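Spelled out, the chains give:
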Amino acid sequence: MSARTLRALAPLVAAAFVAVLPLLVSDRFLLKIFTFAGINALVVTGLALLFGYAGQVSLGHAAFVGLGAYTCALCTVRLDWPWLLAFAASGAVAALGGLVLALPSLRLKGHYLAMATLGFGVLMSIVFVEAEPVTGGVDGFGGIPFPSLGPLLVRDAASLYWLVWGTVAIAVVAAFNVTSLRPGRAMRALHGSEQGAQASGVDVVGVKVRTFVASALLAGLAGALYASVVGFISPSIFTFAASITFLAMTVLGGTGSLAGPLVAAVLLTLLQYLDALIPGIPTETAQALQRYQEDIYGLAIILVVVFAPAGLAGLWRRRRGGGEAA
Amino acid sequence: MDELLQFLIAGLKNGSIYALVALGFTIVFAATGAINFAQGEFFMLGGMLGVYFSGLGLPLPVAAVAAVAATAAIGAAFELLAVRPIAGGDPLRIIIVTIGGAVMLRQFALHLFGPDERPLDPFTPGPSIKVLGAAVERQTVWVWALTAVAVIALALLYRRTRFGRAMRATSIHSDAARLVGVDAGRMVTASFALAAALGAVGGLAVAPLTQTAFSVGTGVAVKGFAAAILGGLGNPVGAVAGGLALGLLESFTAGYVDPVYKDAVALVVLLVVLFVRPQGFLGGSGRVKV
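If you read the protein sequences in the order shown, they are chains A and B.
Using my numbering, you'd call the opening residue of the first sequence number 666 and step up by one each time.
Using my numbering, you'd call the opening residue of the second sequence number 735 and step up by one each time.
Wrong hints could be hidden among the right ones.
Below, simulated SDA-like cross-link-like pairs (lysine to any residue); rule was C-alpha separation at most 25 Å, straight line [unchecked claim]: (1) B/Lys996 - A/Glu795; (2) B/Lys996 - A/Lys774; (3) B/Lys864 - A/Lys774; (4) B/Lys864 - A/Pro769; (5) A/Lys774 - B/Pro819; (6) B/Lys996 - A/Leu761.
Worth flagging that the hints you see were computed from the coordinates, not collected in a lab.
Predicted model, so just to flag it, every value in this text is computed and none were measured.
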């Protein structure tokens, strides 16, 4: 098989493997871990567009995930909305929040957006705790129903897994189309040279704002899925640390690629549950990994940016002898 | 009237801290053209190292000086180890590296000092001072005094010394400075050390009033940055004025509207300034619009 066909087949093989995984794994806890990996992958797909194609980073995406999660909880529990409507509302609310941050910050050259998202993240983690009548405060918000698609209730581990990864698949295909068609070329041009892109008629600000809003939307949808899969949410989930985790996945995954960040999101999620995946692992090792998790992310971010700025995707491209990866 | 005075005092106290952090942003921005996301962590380290050194039995003044010196050394080491290898490249890379550094410093403090809030003794214990019917805590006076000393020392350093002139030359045009014999790389290291020291002074001065913890850096970074933007990023006078203005705005919002909104003020200020007047309200180096 030539490298070319291999390259074309790889995503299909990976997708098929992801699709049949619940048939191979019967352990419900393991399936749940892979479901969480999918939820993270959804957030990171949006961040990959933002980082790899628009040259911006977010330090507050956990806040958008939280916004989506609480919207979903409120709509289903308090307002009794059908799940799909609540799911859509979660994405919409997060996207609106993204628009409010992006419009002022992205009109300017530079990286004001990163600081605005950091501020937004800090603020929202306070809001989730303080707005107790709405969010349940530190005690959290429980009793969130399982997802339902019309009359079809999604409640067993395998179906939840398929729902999450199905959403990821739709998001990745949409993102892939965006990046390989005209908007994607505009985004890539922008990463190369903003002036150059602008001179060629690219609406630089518009592309950046739309990319950020799309990433906030995906984060909101991921939050809604998390709330529905777990049934309980609390402010301790949507923290600065979580935002840094998403950033680490994105940076490690690399620029100009959707596959790289996707793989990184899955790998780093699995790393958090290493003791469940490898039963023989000593408890001390697992605990140390847990304790030094954020240190690992911080160090990984620095090392990747200093030594391999194009991340996993870049390493893969180099090994394959250059060329554009999707 | 008393109430107004009390809000004024509280606002100027927090504002002084924001001013110090904003100066740190300004100094590194002038030297590198990038935003240093670890700036808030230098503030945190100042307070936490002060608690740590005084816990070792060192007299408070010695512990304070040691904390500021150690933080400055950490700032310089951070620049040499992580920022230097990618200097002159894409500012996005520098920013991401400083984010990674911020996470590392935060975790370093967590592992070393634990997750709890830690108190620091007031520099001069005693009852509050009454001024026109309002109470001013003695430590608040320390915050003002130390901020004033730091700002004046910085101004003298920049204007009067050879070293300060070299720093300014580097920030105006790094290549031209190099041509006339300035070691531009060393100036960037110095700017990180200086920014770290300023942050540490702030963290140390306010620790007896608010306690401190490993996690306080992030919030302070946002507020210091909002202050720097308000005054015009890259403008030291603006950074101080922006810090004081933000402190007052927060204090009046908490006092006259609702304390709940206090923490939202900085983000709103940041977004409004970026939207309305990105070069800040005190002129300064306006960033180029896309």
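> Within 25 Å, alpha carbon to alpha carbon, are B/Lys996 and A/Leu761?
Replying inline: Holds, at about 23 Å.
Assess, step by step, whether the Cα of B/Lys864 is no farther than 25 Å from the Cα of A/Pro769, and give holds or violated. violated, 44 Å
Holds or violated: B/Lys996 and A/Lys774, Cα atoms, limit 25 Å. violated, 29 Å
Are the Cα atoms of A/Lys774 and B/Pro819 separated by 25 Å or less? holds, 24 Å
Notebook entry, point to check: Holds or violated: B/Lys996 with A/Glu795, Cα cutoff 25 Å?
Noted result: Between B/Lys996 and A/Glu795 the Cα gap is close to 12 Å, so the pair holds against 25 Å.
B/Lys864 paired with A/Lys774 [C-alpha distance capped at 25 Å] | violated, 48 Å
Violated hints for the displayed structure, listed by number in ascending order: 2, 3 and 4.
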